[in-house]
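One letter stands for each residue in the lines below.
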Amino acid sequence: MMAPEAPARTPSAKPAQLAEPVLEIRGLCVDYGYGADAVSAVVDCDLVLRRGEVMGLAGESGSGKSTLAMAAIRLLRSPGVITAGEVLFHSRPFSEEGPRGTIDMLAANDSVLRTVRWSEISVVLQSALNALNPVITIGAQFDDLLRVHRPSFSNRDRWNRSAELLDMVGMTADRLRSYPHELSGGMCQRAMIAMALALEPQVILLDEPTTALDVVTQREILEELMGLRDQLGFAALFITHDLSLLVELADEIAVMYAGRVMERAPAASLFHAPRLPYTYGLLNCFPPMHGPRRPMEGIPGSPPDLRVLPTGCAFHPRCRWAMERCRQERPVLRPLGGPNREVACWLHAGDATIPRELAHPEPPAAAGRPAATGPARAARARR
Amino acid sequence: MRLLLRRLSFYVIAAWVALTISFFLPRVMPGNPVQEAISRATQSGVCNLECVNAIRLELGFGVHTSIWVQYLQFWGNLFHGDLGSSWTQGNQPVATLIAQYLPWTIGLLGAATVISFVLGTLIGIVMGWLRGSWLDWLMPVATLFQAIPYFLLALVLTMFFGETAHMLHLLPSSGGYDVYTVAPGMNWPYLWSIVTHAVLPAATVVLASMAGFILGMRNQMITTMDEDFVLVARAKGLPRRRVVWYAARNAMLPSVSNFSIAISLVVAGQLLVELVFNYPGIGYHLFKAVEDLDYVLVQGIFLVIVVVVLVANLLADLVYVLIDPRARQEAAG
Chain C
13 MMAPEAPART PSAKPAQLAE PVLEIRGLCV DYGYGADAVS AVVDCDLVLR
63 RGEVMGLAGE SGSGKSTLAM AAIRLLRSPG VITAGEVLFH SRPFSEEGPR
113 GTIDMLAAND SVLRTVRWSE ISVVLQSALN ALNPVITIGA QFDDLLRVHR
163 PSFSNRDRWN RSAELLDMVG MTADRLRSYP HELSGGMCQR AMIAMALALE
213 PQVILLDEPT TALDVVTQRE ILEELMGLRD QLGFAALFIT HDLSLLVELA
263 DEIAVMYAGR VMERAPAASL FHAPRLPYTY GLLNCFPPMH GPRRPMEGIP
313 GSPPDLRVLP TGCAFHPRCR WAMERCRQER PVLRPLGGPN REVACWLHAG
363 DATIPRELAH PEPPAAAGRP AATGPARAAR ARR
Chain W
45 MRLLLRRLSF YVIAAWVALT ISFFLPRVMP GNPVQEAISR ATQSGVCNLE
95 CVNAIRLELG FGVHTSIWVQ YLQFWGNLFH GDLGSSWTQG NQPVATLIAQ
145 YLPWTIGLLG AATVISFVLG TLIGIVMGWL RGSWLDWLMP VATLFQAIPY
195 FLLALVLTMF FGETAHMLHL LPSSGGYDVY TVAPGMNWPY LWSIVTHAVL
245 PAATVVLASM AGFILGMRNQ MITTMDEDFV LVARAKGLPR RRVVWYAARN
295 AMLPSVSNFS IAISLVVAGQ LLVELVFNYP GIGYHLFKAV EDLDYVLVQG
345 IFLVIVVVVL VANLLADLVY VLIDPRARQE AAG
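Quick mapping for you: the protein sequence lines, in order, are chains C and W. Count along the first sequence from 1, add 12, and you get the number used in the working numbering. Count along the second sequence from 1, add 44, and you get the number used in the working numbering.
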């Protein structure tokens, strides 16, 4: 696992104010199936991805994180249906081509979606070997893409651009002639990332991009990805179940449980001072590399069955601090004291006593890159 | 290349087994050609002892050779290209006879198989892509056609569309061409007659075999559409045609590798279809030869069927290697 003390990016690279939103998700609900059999995978989710920032989306399997991301670009697998909500894409393309202005993704027709997809919002999936078409070469898959989105390119241009992109992720141009099965998992994922960047998108959805890779490759690819982010300035929605990974990469982290966003905070705040018992549990799933040995706690029980959610707070059966109120009323996401953070937990509402574990002080400014970002600094200045 | 050699050696073994069976099988059937010939001779007159002996000699039964020696002779002759001669067809060489029958079967079978494979695959792709749409009513229809035996379908088609039937006098339902009104040769009436006579048998083979291709392709297509690379193709904003192609190209792979199983079923079905329609191909004549205990002709026709099926298999193998780069690598390695 990665230590949180990663080399910090220069704080001056970040704007002092909150960056403008590029992808706004409001009240999004997604069901799988229809009618009485429908299972709600995502319920009433709000998420704002800001220009050039990395938003981490964490949670266990089945918490709805991938569904949320795929719904935002209308790529849900059957029988997924979006039942409510709004997804606004504020487009300000890097290239000459590409749509401008705010696009209502849920109302957009196929042709509008086609102009947005990949050229403005691209996707990297967990298993690159599955994400690449097995019967055509890597080069042909770049070619496909450029042929559609860059009609002015000649054959030569397309080849050169593909070679340039592979070079960007540390691969040689002769790999364009390879078939996906001839490359390793790491190579495939690099090729996929190169492809995702081919059209200079404003947003990349990274759906567990490194989960299928070994830790060394994982590290290399993440560093490369973040380097490219600094260079190209795209925003990323990084989905993972590995919270410790996000702490290093993300500006902001949202934690999902049973289809709802339960806590949202700047990365360092969330890591050093979690407010949600579930987040606390997730953080204690990973052994720390430094510091004294601590017993691992993890989270007792298993993720909830979305067909029969517990009453009240969906997490209460697994929560060691659950109160009577948690069994009856569902907590809503409410702003919390501290820098730009929200939590949905009754422990932080009213006169409940907050457990010591959930009351760590906000981390100091120098604790890592994310804490030095605009919102955190602004919040500290106010105090 | 190594793959090709490996496959070829497999085909040689398969051919040997099939031909050996085709040699022994008629010989363990009840009755023998001599009895058959004698009974034919008695039908046209009295067959005395002299006549019986003549028949025995003519059929090579005068000398008693063991079945193993006959088997070796059979292979020896085969390697010399000698398939023997058929006593029921006026002692014509079997090779000549087969050369007459084969074009009918190959023409009908080839056309029917290609139409059925191409059409079935296309319909399967569309049905898989539009899963859940009105096209799904084709599913039970396809299942029905898959379950109907070839000969039954042939009879039903004859009943509805055949000239000799009482419902619609649309198409000829017997023979390869109209032997009474047209003369064989390169003339339009003859060719037209061939086409009209082929419609019903071909339709039978196409309808009965296409269902399998449709159902297989549809299921494969549905599975493939859930693959990540199809999702990525959509995410890439590729035009719909291109996305369908991504899925179809991959979904086709099992279809092609199942083709070898399918083709033997089609060939078997074709034999029955030829019987029903009195179509002058090898299936019809195989049946006649078996009835007449004409061992030599049976063996010759078996040989041809074996070769046709194996060649079709080999072609399917080669196509598979062409369309799947993973198999290509295996083939090279």
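Think of the hints as simulated: they come from the structure by calculation, not from any bench. Mixed in with the good hints, there may be bad ones.
Stated by the list, open to error - Chain C stretches covered by chain W per the calculated footprint, using a threshold of three residues with CB under 8 Å from any CB of chain W:
#, stretch
1, 154-163
2, 191-199
3, 358-371
Unchecked claim - A few chain C residues that don't get close to chain W, going by computed Cβ distances all over 10 Å:
#, residue
4, Y44
5, R89
6, V93
7, A143
8, T184
Every residue, glycine too, gets a C-beta built ideally from N, C-alpha and C.
Within 8 Å of chain W (C-beta), three or more residues of the stretch 154-163 of chain C: holds (count 4)
Examine each Cβ of chain W, and state whether all of them lie more than 10 Å from the Cβ of V93/C. holds (13 Å)
Taking beta carbons only, do three or more residues of the stretch 358-371 of chain C come closer than 8 Å to chain W? violated (count 0)
Counting residues of the stretch 191-199 of chain C that have a beta-carbon nearer than 8 Å to any beta-carbon of chain W, does the count reach 3? holds (count 3)
10 Å cut-off, C-beta based - T184/C kept clear of every residue in chain W: holds (19 Å)
Minimum C-beta separation from R89/C to chain W exceeding 10 Å: can you confirm that? violated (6 Å)
Checking a non-interface call: every C-beta of chain W should be farther than 10 Å from the C-beta of A143/C. Is that right? Not fine: 4 Å to the nearest Cβ puts A143/C too close to chain W.
Assertion that Y44/C lies farther than 10 Å from chain W (Cβ): For Y44/C, whose nearest Cβ neighbour in chain W is about 13 Å away, the distance exceeds 10 Å, so it holds.
This entry does not satisfy hints 3, 5 and 7, going by the numbered hints stated previously.
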